[in-house]
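Sequence order for the protein chains is A and B.
Going by numbering that gives the first Met the number 0, the first sequence opens with residue 0, and the numbers climb by one from there.
Going by numbering that gives the first Met the number 0, the second sequence opens with residue 0, and the numbers climb by one from there.
Hint data in this document are derived by calculation from the structure and do not stem from the laboratory.
Possibly wrong hints are sitting among the right ones.
Partial selection, computed: residues in chain B whose CB lies under 8 Å from chain A [said to hold, decoys possible]: (1) R62; (2) V177; (3) R219; (4) T221; (5) D279.
Incomplete in silico selection of chain B near chain A, CB under 7 Å [as the list claims (entries may be wrong)]: (6) R166; (7) L170; (8) V174; (9) H189; (10) L190; (11) D192; (12) E195; (13) E276.
Label-pair ranges, simulated between beta-carbon atoms [unchecked claim]: (14) B:E110 <-> A:S61: 37 to 43 Å; (15) A:P37 <-> B:H189: 29 to 35 Å; (16) B:T58 <-> A:E33: 42 to 48 Å; (17) B:Y100 <-> A:T40: 30 to 36 Å; (18) B:S13 <-> A:S61: 37 to 43 Å; (19) A:D97 <-> B:S13: 22 to 28 Å; (20) A:T7 <-> B:E240: 21 to 27 Å; (21) A:T40 <-> B:T57: 42 to 48 Å; (22) B:R220 <-> A:A103: 55 to 61 Å.
Note that the coordinates shown come from a computational prediction; the quantities given were computed from them, not determined experimentally.
Positions of the beta carbon are idealized from the N, C-alpha and C atoms, including for glycine.
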Amino acid sequence: MDITINLTDGVAIYRQIVNQVKYLVASGLLLPGEELPPIRTLALQLKVTPNTIVKAYGELESSGVIQKRQGSGTFVSEGRPPQVALRERRRVIEQRIDALLAEAHQLNFTADEILRMVRERKTEMDGAAAESAELKKEANS
Amino acid sequence: MENTVVDVNDLSRSFGGKSALDGVSFRATAGQVYGLVGSNGAGKTTLLKHLLGLWRATTGSVRIFGLDPVRDPVGVLSRVGYLSEERDLPEWMRVDELMRYTQAYHPTWDESYARELLETFALDPAKKIKDLSKGMRAQAGLIAAVAHRPELLILDEPSSGLDAVVRRDILDAVVRAVADDGRTVIFSSHLLDEVERMSDHVTMIQNGRVTLSGLLDDVRRTYQRSRVHFVDHMDRPPVLETALAMEGGGRAWSVVHSGSLEQFHHSVAARGGEVVESRDATLEEIFLARAGRSRQQVEAA
């Protein structure tokens, strides 16, 4: 399971795991019914105390994202309500927006200027992505 | 109390008239990992040695599995695994002799686990302890400490001076102890990021006293690190009521503080500033802030 732990984020480790699993499920990188690694395995992989994994899995279970099956492991729940994903996704982005707005204020940019810059950057990125896709096609032909 | 493994109550100990531990209380319950942090000479090793019955308390009490380790060393130590900071091992013994020797004192010795670890570490069982490198000594000591699957594992600075591979071996052993058998681990460390990853609870010792103790997540939530911008340039850090430490210069400062975020926002605004960003402090930030604080107090005295 592709999860990374960041100690300077200020976010408790178990919460980082919860958020990332929710993201993986919401984006389809983890599919309904797919098995999650056992507690010991994930603890060894991330080099964290197993109780942190227990806490994370506990929260994911009580919010219906995953399910423990008697003696056979932990699995992504089938048919989760999509609203949970939306709320979580909004929260992540809102945190970023708050930080961006604060910085912008310090550097004397208005919200409108920021919005304009966001669109400009998006256009640039899309252009760069299209260019590299072209280059790849040329390289492969 | 549910499954209390370690119960230290108001422990005090002096050496030659100098106080080493002052009213230390500490409790450990089964299946949890306890990280012990503090500066050199703060009292971590002294506390751990009391748990092993190597020192007797001047005042207060120490109970391991409900037993007094000084009065009943066999009863306690047969159920404890210990890796000392100096990797105190009999120099003249071979690795396999160390295993046999340790096994004799620990009826729960798991030979297949010991062999698995010897193989994983690629330790030559015929080598003498005195001929082992620093890392291999730690590995040999680790096997002796964990192969009998002790109910309580005590590691004093287990990662100190070791390369990343051996450090990972040690962390793996800790994870397995807790995950597989619900056993208890107490470890002291200077590597705060390691403590932050591996601990359920953290206890900070300064000058022989416990200055902080609790669930790691709770401790981190108690302290915030905020970035603050001021209207005016400041030569010296402004006085903010709940701040423990401030870093920076001019208009931009980084503050580690406790108490409510709202209160902090008010005190910053009152000094003509604005909070740009706040998050829970990392263990390292808390440690540095508190260590710095006590240093200031010493200077003022």
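Structure-based check of all given hints:
{"no.": "1", "hint": "R62", "result": "23 Å, violated"}
{"no.": "2", "hint": "V177", "result": "5 Å, holds"}
{"no.": "3", "hint": "R219", "result": "7 Å, holds"}
{"no.": "4", "hint": "T221", "result": "12 Å, violated"}
{"no.": "5", "hint": "D279", "result": "5 Å, holds"}
{"no.": "6", "hint": "R166", "result": "9 Å, violated"}
{"no.": "7", "hint": "L170", "result": "5 Å, holds"}
{"no.": "8", "hint": "V174", "result": "5 Å, holds"}
{"no.": "9", "hint": "H189", "result": "15 Å, violated"}
{"no.": "10", "hint": "L190", "result": "11 Å, violated"}
{"no.": "11", "hint": "D192", "result": "5 Å, holds"}
{"no.": "12", "hint": "E195", "result": "6 Å, holds"}
{"no.": "13", "hint": "E276", "result": "6 Å, holds"}
{"no.": "14", "hint": "B:E110 <-> A:S61: 37 to 43 Å", "result": "41 Å, holds"}
{"no.": "15", "hint": "A:P37 <-> B:H189: 29 to 35 Å", "result": "31 Å, holds"}
{"no.": "16", "hint": "B:T58 <-> A:E33: 42 to 48 Å", "result": "57 Å, violated"}
{"no.": "17", "hint": "B:Y100 <-> A:T40: 30 to 36 Å", "result": "33 Å, holds"}
{"no.": "18", "hint": "B:S13 <-> A:S61: 37 to 43 Å", "result": "49 Å, violated"}
{"no.": "19", "hint": "A:D97 <-> B:S13: 22 to 28 Å", "result": "52 Å, violated"}
{"no.": "20", "hint": "A:T7 <-> B:E240: 21 to 27 Å", "result": "26 Å, holds"}
{"no.": "21", "hint": "A:T40 <-> B:T57: 42 to 48 Å", "result": "46 Å, holds"}
{"no.": "22", "hint": "B:R220 <-> A:A103: 55 to 61 Å", "result": "28 Å, violated"}
Hint compliance for this structure: hints 1, 4, 6, 9, 10, 16, 18, 19, 22 are not met, and every other hint is.
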